[in-house]
Amino acid sequence: MIPTARRYGLLGGLVLAFAAATVFGQAPEPPVADGRNMEPQVSLLLDRLVEELRTRPEDPARWLEYGETLHAHGLVSDAAECYRAALELLPAGDVTRLTARYLLAHALRGADRAVAAEVLEAAVAEHPGYPPSLLFLGELREELGDRTAAEVRYRQALELDPGSALALFRLGSIELAMGEAREALALLERALALAPDAGAVRAALARAWNAAGDRDRGRAVLDAGEARPDAGLPPIEDPVHFRMTERDISSPRLLERARAARGAGRLEDAEILYRDLARIRPRDADVLAELGAVLDQRGRPGEAEPWYRDAVALDPGQALARFGLGVLRAREGNLPAAEYEFRESLESRPDEPQTHTALGDVLLRQHRFGPALAALERAARLDPEDGPSRVLAAVALAELGRFEEAWRAVHEARERGAEAPEGFLTALREKHPEPGR
Amino acid sequence: MRSPGARRLLLSAVLGLAGWSPAAQERLRLEDVTAGSGVRFLHDPGDLSRFPLPAIMGSGAALFDADGDGDLDLYLIQAGSLPEDRDGIPAAELPGNRLFLQQPDGRFRDDAGARGLSDRGYGAGVAVGDVNGDGGADVFVANYGQDALYFGGGGSFVRMDASVFGERWSSAAAFCDYDGDTDLDLYVGGYLVNDPDRDCVSASGEPDFCSPQSLPYERDGLFRNRGDGTFEDVSGEAGILAERRPALGVLCHDFTGDGRPDIYVANDGEPNLLWEQAEDGTFSDAALFLGVALNAQGRSEASMGVLLGDVDGDADLDLFMTHLRAQTNTLYRNQGGGYLDDTAALGLALPSLPWTGFGTRFLDLEMDGDLDLLLVNGAVAREGGTPAAGGLDVYAEPAQAFLGDGSGRFEEAAVGDFTGARSVGRGLVTGDWDRDGDLDVVVTAVGGPARLFENRSSREGGFVVVEPREFSRASPGAVVILELGGRSLVRALNPEAGYLTSSEPVAHFGVPPGAEITGLRIRWPDGAEERFEPPEPNTRVAASRQAPPRVR
Chain D
3 MIPTARRYGL LGGLVLAFAA ATVFGQAPEP PVADGRNMEP QVSLLLDRLV
53 EELRTRPEDP ARWLEYGETL HAHGLVSDAA ECYRAALELL PAGDVTRLTA
103 RYLLAHALRG ADRAVAAEVL EAAVAEHPGY PPSLLFLGEL REELGDRTAA
153 EVRYRQALEL DPGSALALFR LGSIELAMGE AREALALLER ALALAPDAGA
203 VRAALARAWN AAGDRDRGRA VLDAGEARPD AGLPPIEDPV HFRMTERDIS
253 SPRLLERARA ARGAGRLEDA EILYRDLARI RPRDADVLAE LGAVLDQRGR
303 PGEAEPWYRD AVALDPGQAL ARFGLGVLRA REGNLPAAEY EFRESLESRP
353 DEPQTHTALG DVLLRQHRFG PALAALERAA RLDPEDGPSR VLAAVALAEL
403 GRFEEAWRAV HEARERGAEA PEGFLTALRE KHPEPGR
Chain E
368 MRSPGARRLL LSAVLGLAGW SPAAQERLRL EDVTAGSGVR FLHDPGDLSR
418 FPLPAIMGSG AALFDADGDG DLDLYLIQAG SLPEDRDGIP AAELPGNRLF
468 LQQPDGRFRD DAGARGLSDR GYGAGVAVGD VNGDGGADVF VANYGQDALY
518 FGGGGSFVRM DASVFGERWS SAAAFCDYDG DTDLDLYVGG YLVNDPDRDC
568 VSASGEPDFC SPQSLPYERD GLFRNRGDGT FEDVSGEAGI LAERRPALGV
618 LCHDFTGDGR PDIYVANDGE PNLLWEQAED GTFSDAALFL GVALNAQGRS
668 EASMGVLLGD VDGDADLDLF MTHLRAQTNT LYRNQGGGYL DDTAALGLAL
718 PSLPWTGFGT RFLDLEMDGD LDLLLVNGAV AREGGTPAAG GLDVYAEPAQ
768 AFLGDGSGRF EEAAVGDFTG ARSVGRGLVT GDWDRDGDLD VVVTAVGGPA
818 RLFENRSSRE GGFVVVEPRE FSRASPGAVV ILELGGRSLV RALNPEAGYL
868 TSSEPVAHFG VPPGAEITGL RIRWPDGAEE RFEPPEPNTR VAASRQAPPR
918 VR
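Residue numbers (this note's numbering), protein chains in the order written: chain D, 3 to 439; chain E, 368 to 919.
Since the hints were derived computationally from the structure, they do not count as laboratory data.
Warning: the hint list may mix true and false statements.
Stated by the list, open to error - Cβ-Cβ distance ranges computed for the label pairs, FRET-style:
id, chain 1, residue 1, chain 2, residue 2, range
1, E, P583, D, P423, 43 to 49 Å
2, D, P423, E, A693, 40 to 46 Å
3, E, V560, D, R268, 28 to 34 Å
4, D, G301, E, P583, 26 to 32 Å
What the hints assert, rightly or not - Computed list of chain D residues with no C-beta within reach of chain E, every gap over 12 Å:
id, residue
5, R38
6, G95
7, E128
8, R217
9, G301
10, R380
As the list claims (entries may be wrong) - So the derived list for chain E, only partly shown, Cβ under 8 Å to chain D, looks like this:
id, residue
11, Q470
12, R474
13, E573
14, T649
15, G658
16, A660
17, A693
18, L717
19, V761
On a predicted model such as this, the values are computed, not experimentally measured, just so you know.
We treat Cβ as the ideally placed atom computed from N, Cα and C, and that holds for glycine.
Build the full structure now, drawing on both the sequences and the hints.
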């Protein structure tokens with residue numbers, strides 16, 4: 003293993019070279035990425051930031067901004083160079099030095115954990131009251147094989163933030179690794195109480211019970227969780243890193259943001275982002291279809307349709323566009339056309355319950371009750387918690403004269419929060435009394 | 368990019384050299400003998416202009432006795448044009464897999480056409496085993512597209528109906544007798560449902576290979592042997608369709624010690640699975656419970672190659688797997704009843720950070736009884752700002768060797784040409800093709816030649832090679848224990864361990880100088896254990912099962 007001092011010497015050499023350049027009045031030259039193959043909006047942004055930096059090379063904020071932008075776009079080594087430059091320009095005690103060091107450690111993490119840890123040690127020494135630094139440092143120490151040093155940092159983080167599920171989780175995992183199952187149990191129980199959806203915490207707690215000799219209890223802890231195994235892991239509450247990632251304007255990142263906005267119901271934001279994306283990636287059928295869906299959700303189906311059509315022209319199997327077109331046709335009352343689009347959508351995505359429900363609906367409205375019921379039952383199998391498919395199934399069953407089953411479907415729908423229309427229930431009661439009433 | 372590439376290289380070189388022991392460099396040598404071997408094989412990933420994801424995943428290889436003459440032959444998997452680009456290309460013009468038969472002079476001769484093994488699918492993984500019980504090795508080829516099954520016997524191969532395996536993107540595959548009925552069943556990992564029309568870009572918006580998380584995941588398959596080498600898909604009833612994750616590595620082994628083989632699946636960027644087999648032959652995932660789903664920090668990693676081996680000499684088997692750049696390769700240490708990610712403490716974390724690991728094997732390079740480790744690396748994504756014109760070169764990375772000290776700790780070492788080479792490394796297979804008692808190595812690479820590394824290390828100790836056989840075939844999943852007085856050397860027979868490959872199906876032991884061989888035991892996949900006469904040093908022995916199969 004390379005000695006830490008030697009590793010740091012390598013970093014120190016780069017920093018010293020930079021310092022010498024500034025002392026002797028030479029403005030350091032910002033690193034310039036080869037942007038020829040980048041998306042235009044990314045390379046233009048980087049060019050602009052370089053130009054701004056060349057006019058104000060003494061401004062640490064510009065170095066940080068450029069570093070964060072490079073970092074966010076995966077240009078990590080160049081980002082590290084910028085953070086070092088900012089650090090050199092910032093006066094001792096300035097809290098922005100914590101930001102620069104924190105980001106520098108992030109940038110170095112992939113290539114050299116030891117140097118990253120040294121940078122963070124310096125950050126913690128100068129600004130000891132920032133829990134994310136301590137948690138990050140603890141992680142790095144663990145990855146460097148020093149559980150004892152990691153434990154110290156996690157405990158410091160926990161003192162500053164007693165509600166840190168992450169600190170409790172990491173401490174519990176360390177105790178478990180050291181064979182201290184009882185200690186681990188206490189810490190992990192606290193972590194799980196704070197982050198009940200954290201699959202990783204749940205798994206660690208299960209292993210702690212197993213290690214403590216209670217295998218059944220361990221299994222029970224795991225079985226009680228429904229989230230994905232690695233979902234809900236408490237993240238480092240990390241505003242600095244978050245700010246950095248926000249600078250990413252590459253199309254994958256924009257798409258991520260657009261989807262998040264759509265998922266959160268922020269449809270106006272989503273529309274802006276999707277329109278940007280459609281300019282950057284005009285041949286991406288997914289993007290076009292999702293823009294169509296957002297417009298439809300915003301009550302502008304006429305604007306949605308051309309986007310759906312463009313998506314289908316690029317990719318005839320684009321399931322969301324086919325689904326959207328189906329919904330438009332169904333609204334117009336063109337049921338055969340709607341059925342065609344839903345079936346096309348299911349060709350690509352056969353396990354989409356919503357599409358089976360929509361197909362069941364249009365079949366029902368065409369009085370094809372048997373096929374409708376089959377589609378609705380498929381939807382219910384794929385999404386057992388879905389209520390509307392059970393309501394529609396009740397209608398299909400009633401039309402087929404299977405009244406008892408229809409009532410069962412009505413009750414199943416109710417259990418799932420969906421109520422059949424009163425008119426239908428009245429008609430069904432006339433055919434067959436409601437069981438249990 | 369202006370300077371960082373060179374800086375990274377320097378840093379990596381310093382990191383690597385710090386662990387290298389000059390003494391080991393002189394003593395341990397894996398020499399590139401490709402040029403004189405008769406093996407000429409260039410992997411063809413197809414048209415790379417749109418960065419199709421299957422192209423960067425690479426293809427595997429197998430070392431086994433294909434013609435029944437007692438020596439090892441080499442089967443190399445080829446890709447070629449992607450299935451979606453094949454319209455109008457006559458099948459005969461597709462490159463096809465190649466079989467190189469070893470000749471009496473030790474050189475290899477290309478004999479694929481004559482032997483019937485020239486599968487022309489877009490190849491990924493390979494598994495070898497006698498599935499029809501005729502004594503000859505049979506071959507399963509996992510393809511992006513229709514998989515293929517070949518029955519071998521009498522030195523030639525016949526393509527069988529493989530429709531049961533379906534047409535999808537299969538990756539790793541492994542044979543084992545999971546249901547204890549004495550024939551070999553098959554687990555096939557499914558990777559992704561590819562979308563050839565999807566163009567992807569890197570973090571800086573440059574065209575690059577897609578991330579696996581941008582595509583739907585393919586299902587895995589468990590196929591039960593009907594007893595005659597034909598298979599039925601039992602995935603649904605066995606319960607393995609409960610999860611659908613992008614599999615790249617498969618291991619069959621009784622992880623829970625109940626006499627029923629379990630299946631470990633290494634997934635790319637998703638929690639790994641350990642399918643624990645219940646008494647009724649169904650499976651449920653126990654990876655989280657046993658601590659082998661996520662790393663120490665509770666994160667899933669991009670797992671590729673996977674291995675089992677007793678790295679710390681405590682007579683149980685530990686799990687190792689290779690991962691993406693900036694993630695560590697991970698070693699899960701068996702603690703009895705569960706596993707602990709102990710990678711950092713064992714010296715395997717930091718040296719792996721700059722590289723993306725794929726093919727890997729444990730072997731005893733030093734012949735001191737302790738397991739050492741080889742792995743090949745090769746990126747799957749470009750660093751931002753690297754020139755597109757560089758082709759595959761920008762994905763090339765060095766291979767690595769690590770020497771184990773028997774306590775579980777490893778130190779990086781240079782071992783001749785093997786660690787000096789850079790390639791987009793994918794498959795790594797081991798086998799003693801020159802029958803000199805140590806293991807030789809074959810490496811495959813995306814868009815590069817297959818390369819043969821002969822083990823020419825000087826050694827002081829001896830060796831023992833054991834071929835565990837049951838029901839007239841090799842026994843994947845068996846555990847072989849060689850006793851040296853108070854010390855037990857444990858080797859798991861998992862030919863398909865690693866990435867997309869099948870190694871020689873033997874348990875290989877280095878025997879330290881002066882050590883006395885006092886016993887040989889084999890724990891068969893159904894839990895039955897048998898003791899055999901201690902083998903003489905420097906011998907190769909076949910150990911056949913005497914005990915009847917356990918009735919379930």
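Indices of hints not satisfied (ascending): 1, 2, 5, 8, 11, 12, 14, 19
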